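**Student:** Below are the chains, spelled out letter by letter.
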Amino acid sequence: GNSVTQMEGPVTLSEEAFLTINCTYTATGYPSLFWYVQYPGEGLQLLLKATKADDKGSNKGFEATYRKETTSFHLEKGSVQVSDSAVYFCALSEGYSTLTFGKGTMLLVSP
Amino acid sequence: GAVVSQHPSRVICKSGTSVKIECRSLDFQATTMFWYRQFPKKSLMLMATSNEGSKATYEQGVEKDKFLINHASLTLSTLTVTSAHPEDSSFYICSASRLQGQPQHFGDGTRLSIL
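Sequence order for the protein chains is R and F. Under the working numbering, the residues of the first sequence are numbered 595 to 705, in order. Under the working numbering, the residues of the second sequence are numbered 12 to 126, in order.
One or more hints might be untrue.
[Unchecked claim] In silico EDC-like cross-links for lysine to aspartate or glutamate, where the CA-CA straight-line distance does not exceed 20 Å:
1. R:697 with F:119
2. R:643 with R:678
3. F:52 with F:119
4. F:52 with R:602
5. F:52 with R:678
6. R:671 with R:610
7. F:31 with F:63
8. F:53 with R:610
Quick caveat, the hints were computed from the structure, so don't treat them as lab data. Please read all numbers here as calculations on a predicted model, not as lab measurements.
Construct the complete structure from the given sequences, taking the supplied hints into account.
**Tutor:** This is the structure:
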C-alpha cells in the first residue's frame with residue numbers, strides 16, 4: 595500500500611533560518627505529491643504540489659522537488675518567518691481520489 | 012474559489028450525546044466529500060468517503076453505526092457522532108472535491124470534546 599514518512603518534529607528555528615522538512619514515500623503507482631500546512635486551530639491548506647518526476651512545486655517561498663529516484667519530496671524554504679509556524683503534512687495521491695498523509699511536522703519559528 | 016465551511020468549529024458536550032458536524036462547499040458543487048479524524052501528534056486518518064446521493068464508504072475499523080454520514084446534496088455533508096464518549100474526542104476535518112479524482116479542498120475542522 596501507499597505510505598508517507600516525514601521527519602518528526604518539532605523543528606525549532608530562528609527567524610530567517612533555512613528550513614528543510616524531509617518526506618519520503620512508498621507508492622504502488624505513480625502518485626502526485628503534496629505539502630499541506632495547518633495553522634493552529636485550522637484545517638489544512640494546500641501549500642504546493644507536484645504531479646510528475648522532477649517537477650518543482652513552489653508557493654510563498656516554499657519549494658519541493660519530486661524525486662522519483664529517491665522517492666522523496668523534501669520541503670525547503672530559504673528564510674523562515676514567525677508566521678510560518680504551523681504543522682506541515684506531506685501527502686500523496688494517485689489520481690486525487692484518496693490522500694495518504696504523513697504524520698505531520700510541527701515547525702516553530704522564534705523571533 | 013473552492014471554499015469549504017465546517018460547522019461548528021468547536022463543540023463540548025456530555026457523554027452519551029449525539030453531535031452533528033456540517034460540511035458545506037460554499038462556491039462549488041461537491042460530488043465527493045471526505046471525513047478525516049486527527050489525533051494529537053498524529054496524521055489525518057480517513058474515516059469515510061461520501062458521494063452525493065449514495066451511501067458512504069467507510070475505512071476499515073471505522074464504525075458505521077457510530078459515525079453516521081449523510082451527503083444528501085451537492086453542497087452539504089454531515090457527520091453525526093452518535094452516543095459520543097470521551098474516546099471520540101478529536102479534531103474532525105472534512106474535505107470536498109467537485110468530482111472523484113479532482114483536488115480536495117479542506118474545511119477548518121471541528122474540535123469535539125466529550126466530557
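**Student:** Going straight from one Cα to the other, do residue 52 (chain F) and residue 119 (chain F) come out at no more than 20 Å?
**Tutor:** 17 Å, holds
**Student:** So if I understand the rule, the pair passes when the alpha-carbon distance is 20 Å or less; does residue 52 (chain F) with residue 678 (chain R) pass?
**Tutor:** 18 Å, holds
**Student:** Is residue 52 (chain F) close enough to residue 602 (chain R), meaning Cα to Cα at most 20 Å?
**Tutor:** 10 Å, holds
**Student:** Keeping to a limit of 20 Å between CA atoms, is the pair of residue 643 (chain R) and residue 678 (chain R) held or broken?
**Tutor:** Roughly 18 Å separates the two Cα atoms, so the pair holds.
**Student:** If you draw a straight line from the CA of residue 697 (chain R) to the CA of residue 119 (chain F), is it 20 Å or shorter?
**Tutor:** Judged against 20 Å, a Cα distance of about 18 Å means the pair holds.
**Student:** Against the 20 Å threshold, does the CA-CA distance of residue 53 (chain F) and residue 610 (chain R) hold or violate the hint?
**Tutor:** 28 Å, violated
**Student:** Given the hinted pair residue 31 (chain F) and residue 63 (chain F), is their Cα-Cα distance within 20 Å?
**Tutor:** 18 Å, holds
**Student:** Would the pair residue 671 (chain R) and residue 610 (chain R) pass a check requiring their Cα atoms to be no farther apart than 20 Å?
**Tutor:** This hinted pair holds, its Cα atoms lying about 9 Å apart.
Consistency with the previously given hints fails for number 8 only.
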